[in-house]
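Enquirer: Sequence:
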Amino acid sequence: MTFSRLIRPHHHHQAHRKIESCSPHQRRECQRLPSYLKTQVPVSASYNKIKNDLRGLKLHTVCEEARCPNIGQCWGGDKGDATATIMLMGDTCTRGCRFCAIKTAKRPPPLDVHEPENTAEAISRWGVGYIVMTSVDRDDIADGGASHFAETIRKTKSKAPHILIEALTGDFQGDKDAISLVARSGLDVYAHNMETTENRTPFVRDPRATFRQSLEVLRVAKQAKPGLITKTSIMLGVGETDEEVLDTLKELRKVDVDVVTFGQYMRPTKKHMKVSSYVTPERFDHWGREAERLGFLYWASGPLVRSSFKANELLKSVLGKRLIKGMKGRGQGVDVVGQDGERRTLEGVRA
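Going by the working numbering, the sequence shown opens with residue 345, and the numbers climb by one from there.
Among the hints, erroneous ones may be present.
Simulated restraints on C-beta separations [claimed, not checked]:
1) Ala-445 <-> Arg-556: 24 to 32 Å
2) Pro-551 <-> Arg-611: 18 to 26 Å
3) Glu-626 <-> Lys-594: 19 to 27 Å
4) Arg-399 <-> Ser-502: 21 to 29 Å
5) Thr-613 <-> Ala-486: 30 to 38 Å
6) Arg-611 <-> Ala-486: 32 to 40 Å
7) Lys-395 <-> Val-457: 27 to 35 Å
8) Asp-456 <-> Asn-543: 36 to 44 Å
9) Glu-465 <-> Asn-396: 16 to 24 Å
10) Arg-611 <-> Glu-587: 19 to 27 Å
11) Arg-399 <-> Thr-448: 20 to 28 Å
12) Thr-613 <-> Pro-546: 19 to 27 Å
13) Glu-459 <-> Gln-557: 20 to 28 Å
14) Lys-614 <-> Gly-400: 33 to 41 Å
Simulated from the structure, these hints should not be mistaken for laboratory data. Predicted model, so just to flag it, every value in this text is computed and none were measured. Quick reminder that beta carbons are idealized off the backbone N, C-alpha and C, glycines included.
Whenever a hint applies, use it, and build me the whole structure from the sequences.
Expert: In structure tokens form, the structure reads like this:
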């Protein structure tokens, strides 16, 4: 089921491009992508080298399969600074979120028991400094695949202790033991995406994925390993209001989430839900400032930002703050990378 909810006009929504306001003869023009959503095809030598490395190691990345618009930036620098998102537990999800292009089935193929070892070996030989591990939802498995996920992390850390690992997990159907198992597996960042606001969740996500359950995932992960960096991502342009987004940020801070990213929802195919609005870069900048004001350690916000956008820089920024001795409360500036990729100094970040 798709939706095309009209956004009620507010003065602070003037920065949105509302597709629904187009007349029939204007439809084609209005549905063209804004210029800021267009990217260049990556051609750098570094990008091509990393791509070839992945082929040789037989690693599958969400970056390529999802045609991420930031792949040129994440893979275009030095190898040690590259970020790639590896998909675990197959390519078939047991859920059917209305924004996601991954194929679905009630009973996907069984897990590959050799995947944890093979993935760890491949990543250790690749030589990058930061890896994001994610997976499809596997509601057909007792623990949702948590033990498989955790084993992959442990084996990777054993073979390459220097590699920083971010785990972007599903909700494991709210199973606290499963969440805790992954949180304590040796990872550096625990990520779980809220995707949208509480009001929009029933229209955007699979019915088994609820707003409160996702908040609980992030709370339990932090509780299982105090000090663990927790992270989430929010799509804009799916019918949310500014008030709802702000409320979501406040709820995230209540469970001590450290990092938040904002990006524009892009419709994968005509079978998926429609884009409600294209949010301008200026409005994304506003949400970055709001995240900063509310106390998030790091934020990335922009039309093309995705959950793993420059994740390596994210962790370096957060860990750098925590490693600065004597930094408490306000008055100490820390360099971070904001939504536009420019380095800036923030005052009063939490350490």
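Enquirer: Now look at each hint and say whether the structure bears it out.
Expert: Hint-by-hint comparison with the structure:
no.	hint	result
1	Ala-445 <-> Arg-556: 24 to 32 Å	holds (26 Å)
2	Pro-551 <-> Arg-611: 18 to 26 Å	holds (21 Å)
3	Glu-626 <-> Lys-594: 19 to 27 Å	holds (22 Å)
4	Arg-399 <-> Ser-502: 21 to 29 Å	holds (25 Å)
5	Thr-613 <-> Ala-486: 30 to 38 Å	holds (33 Å)
6	Arg-611 <-> Ala-486: 32 to 40 Å	holds (35 Å)
7	Lys-395 <-> Val-457: 27 to 35 Å	holds (28 Å)
8	Asp-456 <-> Asn-543: 36 to 44 Å	holds (39 Å)
9	Glu-465 <-> Asn-396: 16 to 24 Å	holds (18 Å)
10	Arg-611 <-> Glu-587: 19 to 27 Å	holds (25 Å)
11	Arg-399 <-> Thr-448: 20 to 28 Å	holds (27 Å)
12	Thr-613 <-> Pro-546: 19 to 27 Å	holds (21 Å)
13	Glu-459 <-> Gln-557: 20 to 28 Å	holds (26 Å)
14	Lys-614 <-> Gly-400: 33 to 41 Å	holds (36 Å)
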